[in-house]
Amino acid sequence: MRRRVLLGSAAVGAAGLVGWRPGSSLAAPAEATSRGGSNYGWYQIDDCNREPYGIVNSFHKAPDVIRSQLAAMRAAGQARLRVHIIHRHRADTGTSMDSTGGNISAQNRQNLADLLRAIDDAGFVEIQVAFMPIGENAAYNWPSWNEDMYQENWNLISNLRPIIAGSGLHYRIDLCNEAIPTNLQPVLLAYTQRLWNDYTNAFDKKDTVGFSAIGYAGRIQNIPKVYGNNPPYLFDFHFYRRDDGLDEGALFTIAHDMMNQYGYTKQGWTIGEVFNNDALAASSLRQAINSTGRTVYYLLQWPRQAPPSNGDPEPTCPDKTVPPPPVNFGAYIAQGF
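Sequential numbering of the sequence shown, starting at 1, is according to the UniProt record's numbering.
Derived by calculation from the structure, the hints in this document are not laboratory data.
Treat the hints with caution; some may be incorrect.
What the hints assert, rightly or not - Derived DSS-like pairs (lysine-lysine); straight-line CA-CA distance at most 30 Å: (1) Lys225 to Lys206; (2) Lys320 to Lys61; (3) Lys266 to Lys225; (4) Lys320 to Lys225.
None of these values were measured; they are calculated from a predicted model.
Assemble the whole structure, with the sequences as input and the hints as a guide.
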């Protein structure tokens, strides 16, 4: 099992990546544009219903199936994964875990540890772990500040971080999925500001991407408001082409220009979500990376099919879910991801 060694703050340079050595939770400059992989959240789908089959909440129900799927993804060339902590203040569903009191059940904590061990055993070299509060726990749903839910979310991160850090895998934590707000989300802005301050005061920022961001201007403009003068060492963006004609590469270039305008010129990026095995996304992103010179360490696909084009049939399921496991990654491998 690979063991990670956290660096002291003195070893971290302006970009947050100086002094990396094997076993660190910091991304390695030598591995720029290295092999990525998938968001892996479910091991089964029945008639478009994936809710009973979350790989954390339900690991103990299908450990051999999940291990087999991990082996298949690794054999297909994937080297990194993104794992989701989906939770709310309600009973487990099979995907969403009950976080009442600021922790998940003993079974789910064991499931998380066992899943991370299985990922390590399969030969993956790095993970992102994304916290995904939903329902009443999601700050974007709060009409006003909810201190009880904030404390529940914060305590959950604090309680699960030792399991993640103890896994032996190189890792980064996404403190709240796609939580960089728009101008119309002042409560979400307050949530991210406070959570970033609390996390960095308690744990520093060496093992986090902060908050993943949907890659469009209306959210990117608020990144400086979230982090102030203490940005993360690594940013994570999600790019999905839009109905207005902006493809992933165009959105990437807009994000690059805006981040340069805000002075974020030294940080590298990860791409934490894109359409599943999509050749158009892969080629447009490769062109944008090459033209801007922005360092992207790796890319992780989401198990969602792109909208149909050229008369292709609509995906079977309404949310365009790709049946698990998301093995196929060839379109991105072909473009160097």
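Structure-based check of each hint:
{"no.": "1", "hint": "Lys225 to Lys206", "in the structure": "20 Å, holds"}
{"no.": "2", "hint": "Lys320 to Lys61", "in the structure": "25 Å, holds"}
{"no.": "3", "hint": "Lys266 to Lys225", "in the structure": "19 Å, holds"}
{"no.": "4", "hint": "Lys320 to Lys225", "in the structure": "34 Å, violated"}
Taken one by one, the earlier hints fail for this structure only at number 4.
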